[in-house]
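K.L.:
Here are the chains, one letter per residue:
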Amino acid sequence: MNSPEHTDLYDLVIIGAGPAGMTAAVYAARKGLQVLVISKDIGGQVNWTTLVENYMGFEEIQGPRLMEKFREQMQDEKVVYREDEVSQVQVQMQRKAESVFAVTGRKSGTQYGRAVIIATGKRPRSLGVPGEEKFRGKGVSFCSTCDAPLFRDAVVAVVGGGNSGAQAVIDLLGVNARQVNLITEFDLTADQVLLERVLKDERVEVYRYHQVKEIMGDRMVQGLRVVDRSGETRDLPVAGVFIEIGLEPNTEFLDILDKSAHGEVLVDCHCRTNIRGIFAAGDATIIPEKQIIIAAGEGAKAAIQAWKYLMRQSPANEGTGGSLVSAGI
Amino acid sequence: MAEVTVYTTPTCPWCQKLKGFLHDEGIPFTEINVAEDPDKAREMMDKTGQRGVPVTTVGDQVVIGYDPEALRELIQ
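Chains as they are written, first to last, in the working numbering: chain P, 4 to 332; chain R, 1181 to 1256.
Since the hints were derived computationally from the structure, they do not count as laboratory data.
All clues given are correct.
Listed next, the in silico DMTMM-like pairs over lysine to aspartate or glutamate satisfying Cα-Cα at most 25 Å (straight line):
1. P:K125 with R:E1249
2. P:K43 with R:E1249
3. P:K43 with P:D79
4. P:K262 with P:D87
5. P:K137 with R:E1249
6. P:K81 with R:E1205
7. R:K1227 with P:D156
8. P:K293 with P:E62
9. P:K137 with R:D1240
10. P:K216 with P:E188
11. P:K72 with R:D1204
12. R:K1220 with P:D156
13. P:K125 with P:E71
14. P:K137 with R:D1247
15. P:K137 with P:E255
All chains, please: the whole structure from these sequences, using the hints.
P.N.:
Encoded structure:
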């Protein structure tokens, strides 16, 4: 269709290169679309996963290795990849016959697409309390799998009473942390099988209905201030704080799209957003169950829907299709 | 070229990714597994001010986390 060598206008711009974005890229390229993928990294959240045991076709595979295989498959197709963080998506022009969207990256400037797929995924949610950023990597960790071994014989805290919080506690007990304080704003919600392992260990102290107010320290973390529902404050001396309070979608820059109260992009079962020509897939959307295989499937769906949309909308049906000049930009 | 040292734990996915990047770029490096050596973990914290992995030292410069751009800049 278009010739991106001669213009910055692509048939499809995909934002994000996790399972959804890379699968969408392969499907779209195989439909003959000129595809640009812009992402701040390859693999997204899957890079945080040590071992994947439920992606069909692989009995077990390291998360980063699986994403490497996705990348290889994407690069086998004629897909243009640019490493950048997108700061804005705008409707450049929208008419009955053709739309053009402007996608602006922090480093690479503005690229144009006749359709867009949002596949920006999620990131670990942060507490937003004083000390959290200052001590990131200096006792504050969002990856117990990575950093637990550095807290052998230490007194630590885990914030979050869900499955990932419970798993962090188990990781820390496994490396012989001296004491693990489990802080949760509400009651524990982790699966019973995990809770049994956590609660039977005498090194675990649970603080239900406590909120974290501040992470304190000098060069490294030295303590955590928590407050209970009665307003009573308590300072816990800890050397590490593992934050496991869920995920939030990378959708702040998408102010033109309708989103849920949690910031997830609203889509219908065809991956369509409220703006014709912009599709969304994977964990950044309201689609339930955040799994690699589901994100990949949604990416495939979004690409096929984008292709169908372009076939219906495109002046390319009449020729080789729009350059920026023919699009009137 | 300044000596490149990567501090890792075996269960850290970003450490795997970082080592893959260094291999692909043909950059020789020494890996120190801080999970099995508490003295080396202490050395990492003293040298880099970090209690999290991966951390890379390029000579006396420190790169935190998986940051290919920063590494390329320091190594070139």
